[in-house]
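Student: Each protein sequence line maps, in turn, to chains A and B.
Residue 69 in our numbering sits at position 68 of the first sequence; the count goes up by one each step and never skips.
Residue 625 in our numbering sits at position 181 of the second sequence; the count goes up by one each step and never skips.
Rather than coming from a laboratory, the hints here were simulated on the basis of the structure.
Keep in mind it's a predicted model, so treat the numbers as computed, not measured.
Fair warning: there could be bad hints in the mix.
Stretch-level coverage of chain B by chain A, calculated; a stretch enters the list once three of its residues show a Cβ under 8 Å from a Cβ in chain A [what the hints assert, rightly or not]:
{"hint": "1", "region": "467–474"}
{"hint": "2", "region": "501–515"}
{"hint": "3", "region": "522–532"}
{"hint": "4", "region": "551–560"}
{"hint": "5", "region": "568–576"}
{"hint": "6", "region": "636–650"}
Even for Gly, the Cβ is constructed at its ideal location relative to N, Cα and C.
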Amino acid sequence: MLMCKDLAGIASDYIDGELSTGQNLSVKFHLMMCGDCRTFIGNLRMSTKLMQAHSGSVPNEEFIREIDRRVHEALEQKKSRTTDSD
Amino acid sequence: MDTSQATGSEEELIEKLKEQDPASYHLAVRTYSPGMLAVARFYLDPSTAEEVVQDCWVTVIDAINKFEGRSGLKTWLHRIVSNRCKNKLRSAKREVSTDFQEQLDPDLADRFNASGRWQTPPKLRFEETAESLLENGALSDCLDKHLSKLPETQRSALMLYEAHQHKSEDVCNILDVKPSNLRVLLHRARQKIFLMVEHFQETGEC
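Okay, chain A solo, but in the shape it has when bound (with noise of 0.2 Å):
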């Protein structure tokens, strides 16, 4: 029988829908008695909702200016190398 710990080992299995038939029959079984359980998995899946919604965080402004830097001078080499060339 799938014991609490059992299927807190394998819940993300179960909320990204990896499990086989057989093993999502008994988390769903598991999840009919188990009130505790059930919060777990909702908290859980918030968790992962949560870091979906987190994307948009901003990145590092000092590394983006720096790439930004290094981007332009590569482009302005390659015209200037172009324009010698023609």
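Fit chain B to the given chain A structure using the hints.
Tutor: For chain B alone, kept in the frame of chain A given last:
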């Protein structure tokens, strides 16, 4: 096989990049660098990872002409970074070490009794939506803080899969991990985030 194809507005951006349009590079650098850095951080220490991403952008200026759109631009860029990192590791004769053994985070495992039932069950149910939870700036900052404390391998897997919405297949390819190992990395990282949010919701502290 690639699971994401170049989309309409992306195709326009790619054309502009091929024309070496500076404004388009500026846009692309801002859009794609965070994900590229997440890939590099999987393999390398923070400062070398930043250097690799910078170098990759310079090579993109020439390499973009060979880009045929069989994958999405994001996947293509992430693969360039991944290949460069793997070469760097190979030349330094180093390997990424990762623990794929344990499914459960030790802090979560401690909350079950010997018979495998909850001893300290989750008390609160997170009722709000993710977006409304994140409106609390303190939670958002706390999330950043805990993300930065995750092992690099877990963080990269989580960022690519959740935040950058790559398919499992692409993440495995880019990070060079087996599907079963990716599952472990993702689950371990999610548990950390779960524990952090729970603590924050209960105490108001990070």
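Student: If you count the residues of the region 568–576 of chain B with a beta-carbon closer than 8 Å to a beta-carbon of chain A, do you get 3 or more?
Tutor: holds (count 6)
Student: Taking a Cβ-Cβ distance under 8 Å as contact, does the region 522–532 of chain B have three or more residues in contact with chain A?
Tutor: As far as the region 522–532 of chain B goes, the hint is violated, because 0 residues have Cβ atoms under 8 Å from chain A.
Student: Mind taking a look at whether chain A covers the region 551–560 of chain B? Criterion is 3 or more residues with CB to CB distance under 8 Å.
Tutor: Our answer is that it holds, as 5 residues pass the Cβ test (under 8 Å) against chain A, meeting three.
Student: Taking a Cβ-to-Cβ distance below 8 Å as contact, does the region 501–515 of chain B have at least three residues touching chain A?
Tutor: Satisfied; 3 residues make the cut.
Student: Taking a Cβ-Cβ distance under 8 Å as contact, does the region 636–650 of chain B have three or more residues in contact with chain A?
Tutor: Answer holds; 4 residues pass the 8 Å Cβ test.
Student: How about the region 467–474 of chain B: do at least three of its residues have a C-beta closer than 8 Å to a C-beta of chain A?
Tutor: holds (count 4)
Hint 3 alone, counting from the list given before, is not met by this structure.
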